[in-house]
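K.L.:
Following the hints, position chain B against chain A.
Respectively, the protein sequence lines represent chains A and B.
Sequential numbering of the first sequence, starting at 1, is according to the working numbering.
Sequential numbering of the second sequence, starting at 318, is according to the working numbering.
Worth flagging that the hints you see were computed from the coordinates, not collected in a lab.
Hints may be right or wrong, so weigh each one.
Partial chain B-side listing against chain A, Cβ under 10 Å, derived [stated by the list, open to error]:
1. G334
2. G467
3. L852
This one's a predicted model, so the numbers in the text were calculated from it and none came from an experiment.
Where is the CB? At the ideal position from N, CA and C, for every residue including glycine.
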Amino acid sequence: MPSVKIFYVTDLHGSEICWKKFLNAGAFYKADVVILGGDVTGKAMVPIVQRANGTWEASLQDHRDILESEDAIVEFEKRVMNRGYYPIRVSDQEYVAMQEDEDLVDKRFKEVMLDGTERWIAMAEDKLAGTGIRVVACPANDDMFEIDDLLTGAQVVETGDEDHPIQLGEFTMVSMGWTNPTPWNTFREAEEPELAKRIDRALSAASDPESTIFNFHAPPYGSKLDNAPALNADLTYVSGGQAIRPVGSTSVHESIKRFQPLLSLHGHIHESKGATRIGKTLALNPGSSYEEGILQAAIVNIDEKKRKVKNYQLVNG
Amino acid sequence: MAAVDEAPTLFLRKATGLVKGWSKFDAFLYSFMSVNFVTLGLFFALSVLAFVPSGQVLPALLISGVFVTFLVITYAGLISVMPRAGGDYVWQSRVLGGGVAFVLAVTGWWFILWYWAPIYGNILNVEVFQPLAAIFELNGISDFLASNNGLFFVCAVTVVLAGYLVSLGMEGYAKVQKYCFYIGMIALALVFLVMLFGSKSGFQSAFNQEAANLFGGSGDVYSQTIELGRTNNAGPIVPELGFSPFFGETLLLVPFLCFWILWPNWGATLYGEVRGASDFRRVMGGMMWGLWVTVAVAAVFILLAAKFFGWEFFNAANLNYWAVVYGFGDASIPVWSYPPLLASFYFHNSLISALIILAFGAWFLGWAGTLFLSSTRVIFAAAFDRILPERVADVSERRHVPVWALVLMLVPAMIVSAFYAYTSTFKTWILDATLVIAVTFFGSAIAAIVLPWWKKRLYESSPMARYTVGGIPLISVAGFLTAAFLGFNLYHWFTNELYAINDPDSLVFMGSMYLLALVIYVVARVVRKNQGIDLKAIHQEIPVE
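Looking at chain A on its own, in the form it has when it is part of the complex:
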């Protein structure tokens, strides 16, 4: 194989329409491998509440819907899933109970995230088994640890983390779903010194920079792949969202500078789509518009013989 064509996306956050596009992207762009870099699961559950009189009611995007038939409920659920949220059918009493008990919410979240991930894996098996297109999905900071086992156990879908590099032809892809701390205290966060140690451990599987690809969820600090609106302590935007600041990881930046991999793929900061060079390394963040159902991606063509990136492109599929 003279070249490897990678289709890279990140931060789908449960968007069903984006996942479907992702599974079709290999054939569409004639890619050898499609990679979901991190943040597989969704962030919100939308309750569809059955009222005492038997009607179903739900609210999406601040709009209240009365759902009068099963078809209407299914259609609504589809809309919810396409935005990356999980629809849940609950009774009045269940809804009220969940509002009062965080544990119930956590439990339900865990169920729907695992169900959703299983469903996605099954869709991938149906779509890509036997096609020769490889599919990789890695967990990242917003993904609970429980999905790792599901991904590891999948047949067609491959996964990787700091201890499990993935071989892409002649190239080794090293993955790191952990990030530097965020204001949301998510599942896989570590202070920079600890993150640096994790990165070092991951890099023990890679020896040759020219045949190494980083799939590090956190973008390198100050690279313009990590520009996010500054936030106040109450998680409101500073200065109406006009105040933009770099929020990436210094450890990631340092590791790229030091190791100089052929390619460094990132995500995490959805609004910071871009490309940059750190030394000889091409670093990319395709960004994410998962809620709108737009699959932002990076297509990278790598020359296996010369061990060079032939070309790349950021697309909105």
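P.N.:
Relative to the frame of chain A, chain B by itself:
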């Protein structure tokens, strides 16, 4: 405990990006500073009313405000459908295609802002440097500032200042802008109080006295100003302030007002995730307040100007300034009759006058950073789409300054400033700056009109899909009215000599900017194709099923 009859709300887990929006005040502030009453408003819109002697500014202002409201709805709608994507280039490229979007956005948000540099510089000169030099009777400096070299110097200062503000980063500049808002508003309130409680005869006396002290005028310079205005205009200046005619000739003032009032959409454009229609209303509200508070401030100013300066004097003094600039007449004082300067004469104190002028300078400072910020974003977006070389999106490692993007703005802006300062025709050409941005807005309005049908899935997944007017999507209705309004203005700018931007050289010059953008796009397509990159693929939608 939640009431059962409340709408069900969603459950969120701890996850990155779940923010709570922004304060309504912040959203208002950025819009308000963009549709800047003191800089563009006073200098480019309210100073030219005498060119339409039978028009009435108050109805023109109201009509403009109503139609710019549709522009606000259109932009808030586009933001709501494609949040975080940001800007005309992205919206147009996703709906109309990459080529059209590149040509319109690069011309409107990059090339043309080279020409805004002298516009900004000129405003800095007439609103800050020249008044200060006049107040302190620094005649040598006044002469220098009025010279070609002086004009180039001020433009260069503006370009460097705007470049510095970009290098501060948005976070730093946002703070500067907020301070500027408070200082500017205090200064404006002070001047309004002077105009409210001062008498016209008191102003007339103060003006005559300061005209004599500062500029060597003699006699009743106030009356001389009016007489000169009548001579320069070969007739009456303007009618008494009122509402008649509400349409007719009054409509000719609208394209003048649009030199200023067309920009409230430069406001807050960010959404948090997992949000909905309330964010659409919040974005729209911020811009709407920015627009209508500005309209209200302008209306108050107009009424106070008529009361305090005298409506005929105010317009004659402005007309006389333009008569000197365009070489068809004389003026009674050698600087523009900048209203805060005129009002400050009331104090008969140089220090107070200087402080007022400096405080009003905050309106300029809070606005100057916008000169290159939008351009930088468009240059980055075009580089990420591989239309421009990757290098132009580089940022310096130490301070994260977009070095090449700034070079692509600063160097041409300096060259343009030199042309502006040293050639007379260029001053006319650059008024096209407004026209070209309006063409870009027109493109976005067209994108908004067709969006619900051309990008059905995208539209239907947005909160905008809930808003219709008689069954027609609101975004299309607002887009249509915006396009009609922009079309009205473009027609007049293109065809009517009144606006001084329809001469053939100007049109050829403007056309060359579009041609340049088209050439860059075509060259990029060819070069990238040879590199194995298909630029058409950027916005091709991947099949879902």
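K.L.:
Which of the listed hints are not met by the structure?
P.N.:
2
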